[in-house]
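K.L.:
Input sequences plus hints: build the corresponding full structure.
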Amino acid sequence: MKAPPLSYVRAATLSEAFQLWRDAGPDARLLAGGQSLLATLAFRLSDPGTLVDIVRLHELRGISQVGGTTIRVGALATHAELGRHDLIRRHLPLIAEAVPLIAHAAVRNRGTIGGSLAFADPAAELPACCVALDAMIVARNAADERRIPAAQFFTGLYATALRPYELIAAVEFPIAKPGERTAVLELARRSGDYAMAGVAAKTRLAGATLIEPQLVFFGVGDRPVVAERAMATISGQQALPATIAAAQAALAADLDPPADRHGSGRTKRHFARVLLARALARLAGLDEARAA
Amino acid sequence: MNEIADPGSIDRPNSYIGKSVPRPNVKKLVEGRGQYVDDIVLPRMVHVALVRSSLAHARITGIDGADALDVPGVLAVFTGGDLAAHCAPWVGVLAHLKGMKSAPQRPLPIDRATWVGEALAAVVAETRAIAEDGAARVRVSYETLPAAVDMGTALEAGTAIIHPELGDNLCFERVNETGNVEQAFAAAHKVVEATFHTARHTGVTLEPRSILADYNRASGKLTVYHSTQAPHMMQGVFAKHLGLPEGDVRVICADVGGSYGIKVHVYPDEVAVAAIAKIMGRPVKFIADRLESFSSDIHARDHRIKGRMAVDANGRITAIDIDDLTGIGPYSVYPRTSAVEGNQVVSLVGGPYDFANYHAKTAVVFQNKTPTSQYRAVGHPIATAITEGLVDLAAEAVGLDPVEFRRRNLMADGTYPRTSAAGLKFEGLSHIASLDKLLAMMDYAALRSEQERLRGEGIHRGIGLAAFIELTNPSPFMYGIGGARISAQDGCTVRIDPDGSVVAATGVTEQGQGTEAIMRQIVAEGVGVPIEQVRVVTGDTLTTPYGGGTWACRGTGIGGEAALQSAIAVKGAVLAIAGAMLQAQPETLDLTNGEIVERGTGRARMPLAELARIVYFRGDTLPADLPRELIQTRHFITKQYPFAFTNGIQASYLELDVETGLVKLLKHWCVEDCGRVINPLLVDEQVRGGIVQGIGAALYEECPYSSDGQVLVGSMADYLVPMAAEMPDIEVGHVETPTRESLLGAKGAGEAGTAGAPAAIMNAINDALRPLRAKVLAQPFTPERILAALGKV
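Chains as they are written, first to last, in this note's numbering: chain A, 1 to 292; chain B, 1001 to 1793.
No lab work stands behind these hints: they were computed from the structure. Predicted model, so just to flag it, every value in this text is computed and none were measured. Hints may be right or wrong, so weigh each one.
[Unchecked claim] With the C-beta cut set under 7 Å, the calculated list includes, among others, these residues of chain A facing chain B:
(1) LEU187
(2) SER191
(3) ARG266
(4) THR267
(5) HIS270
(6) VAL274
Virtual Cβ for every residue (Gly too), placed ideally from N, Cα, C.
P.N.:
And the structure:
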């Protein structure tokens, strides 16, 4: 199909972007890579009237270290940039590991982190990674800037805490602490597809003991799902078979996946249990031990 | 017969047959310089967007296009009633399929919608985008009717009868029986049985269905630029149903971006476009988008098959009995019908094997879903999955390795001609030679020991085999005897132009598979000129000999023989003229590499271009009574066998993740015998592409429906096609048993891959599952289905 009739305006500066957005009205959509939005337009699933193209706003670009504890990623950083940037590879290995799982190279070359988070697809990798890493979403409107913890940012299916005329300016990630381990795993029938289920995981290790583990699932709910009970089950424990089994059992209360084309909720919960065990094996270095 | 191009002649000048010669059109296509229907822009051209049914079965109580007409740029809205007077309805039945019935179908229905996605109204506008704006404003009022969705209940009392005038939802039924099946089962050493499901899916062409119809009121002629496999058939269809003399209709198909059988059918929306062009007197274009393709392109393979096999104590098959049920949508598709797939299943089951007692029944039922019809390898992948699934179960039941079981039961080489239990006539097949070659290529013994070793490490690998036969080179027994104007013969005209270059116009068509390359090889070798001097013309009913087009693997076997014979005829004409000019007996001369030479010594006597120059510009210097026809046409049709069957065998090696149900394909092998191989590269790529489509059926592709008849796939995100990253290396080998019906000796090769791949994958998955006492028989073999078989979900 052809997109519905729409206007297109391109902002040269951030302040102009807010002005153009106001002029176009609240239904207008920001174009920040377009890898999901343009498809919905082609299907006539959305009819925003106006697209405000923000892709050229240098204010929203750049990946940099802020102080000794934070990596700031401009909203317009593309997935491909994330994947190859030295700061990301060094300090945010979870993000670097997630990038190759995002769609295909052509999408990664145009799709942006801000676009992905604002679109809030529950099966996408980056929202779950942001939650697992305790990222802060830097939201801006014409006048102000505020920081929203990633765990509170995703409010439902394709829904976020952004207010009208507010955009994502950047994402701030705490730099990985010594001893911190992360893993992102997903199950997809074809490489590049949205996952049937996935998990972004993080922990610190004290010896073999898991400290403050984070397990954030994607593709199994209406937003990234933090597996609180499973996390509580393994926190302060070693990743022994009995502990892993208990955590898998705890997922029953953490997750209530809706059925989709890949299977029933029951099947998706099974996938989550398998991913949990594999993620813990990664975090605890069990697979490396086995390989050695 | 078959003396041409024996392998020993491979280095003779112009011996192109049997060589991997590059395709002449490939550079054009990869540089984006092809010409597809959507590339054609005509003056005063308008565009159509279609309003499609959102309900599976409903009475149409009104279609209001007033708001659409208010959209600037919208020119007209047509309903079924508007087109009825301009287009005669059709019924998709074939007389030789006894008892078959279907209902009259129109380009747009008049009062009833019968599947989700059926075109109900056409909006014509200055651009496609405007036409879509208009289509969004057309209001269709419906009165919902009960829908017949599930084929399993289509014939039950209480299910809505889609066409009450037909009495029930049964389109066609056939029983194919030989010997005494009941006795064989009663006497069997072992009996295995299983119920198989193949999933309703579709062929996803890179170029969607496309048509541009241009009716010229001044000349009374209709020109249709069409993405089709069968331009001459479509010429007849447009003429008949729009009330035009056949000679006033010209169908042109330039480049076609894939077809797979999808583009060999009459689609109501495309006929509507042609009718609108005639009514408006303007060029009208319709390009199906991907969204509407999933509900308006034909589907296929929606079968549930119960099967059983009887085996004696020596591991010999004694009987096969199958009961096939297939749902085909609300109408049988015109003119090939939707009964052929089921008919093929009851003919092809058990095809590679030597056994005596056979009983097969198919019931073809109507339902309120997208119509199904012929798609690449029609019926073959279904029949092969049933047969090879039962073979593996039987091998297990009698404690034989699957290879040994097949060796005992495959038809022995050197026992042809013969007739199969299902009544198929085989001229010459090579099952055992193919099996031996396959085992050597894959190193079967080593794979089995690797599999065994890895099982000890908790790694579950499977090896699956699938022998198959493939129907190619169809005679009029396929469609013509049933009354369809579908040509089984084909023709080729070869001419020599003044510069000595050669033009070949053929009735077979090119859809991206390399038909033109094959014809060029054959004509260059047949005439005796460098291949670069040959141009091939396809896809134009005004300029090519009447023919059937390209489908059912007939292009090379039928069209290729016509090309060879006309090339040889032209060469004969050249040598007769050369003899007169050189005062030599024509038999003492030859034409090679574009030169008239002395036969035997090869001494050059005259360039072909010089001969052509004299014929065309100085005919006065030739003897007055000398024939000088540097253009010859020959036609070819098979006469001895209804079909030229090919055979082959495939193997799949894969690894199964028993925790996730995900299948990783490690390697795939295929040995196939398509008779004379004209271009090994193109044959191998046909086999590989076919295997990939078969892998799609086995692992990914499905058009699922809700219980109320809503199709649940709408985009390439929902409908999973096989992608490169998941495909294994595919190794292809050949055995060559040429058909003796033609000089060329070629049979078809386009469907062999698709025929065998799903069965090979199924058997490999079940081989991996066997130690876990699980099996899967319903395609596609999704992670969820495999986990369910393992009792994990």
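K.L.:
Hints first: check each against the structure and report whether it holds.
P.N.:
Here is how each hint holds up against the structure:
no.	hint	result
1	LEU187	5 Å, holds
2	SER191	4 Å, holds
3	ARG266	5 Å, holds
4	THR267	4 Å, holds
5	HIS270	5 Å, holds
6	VAL274	5 Å, holds
Violated hints: none; the structure is consistent with every hint.
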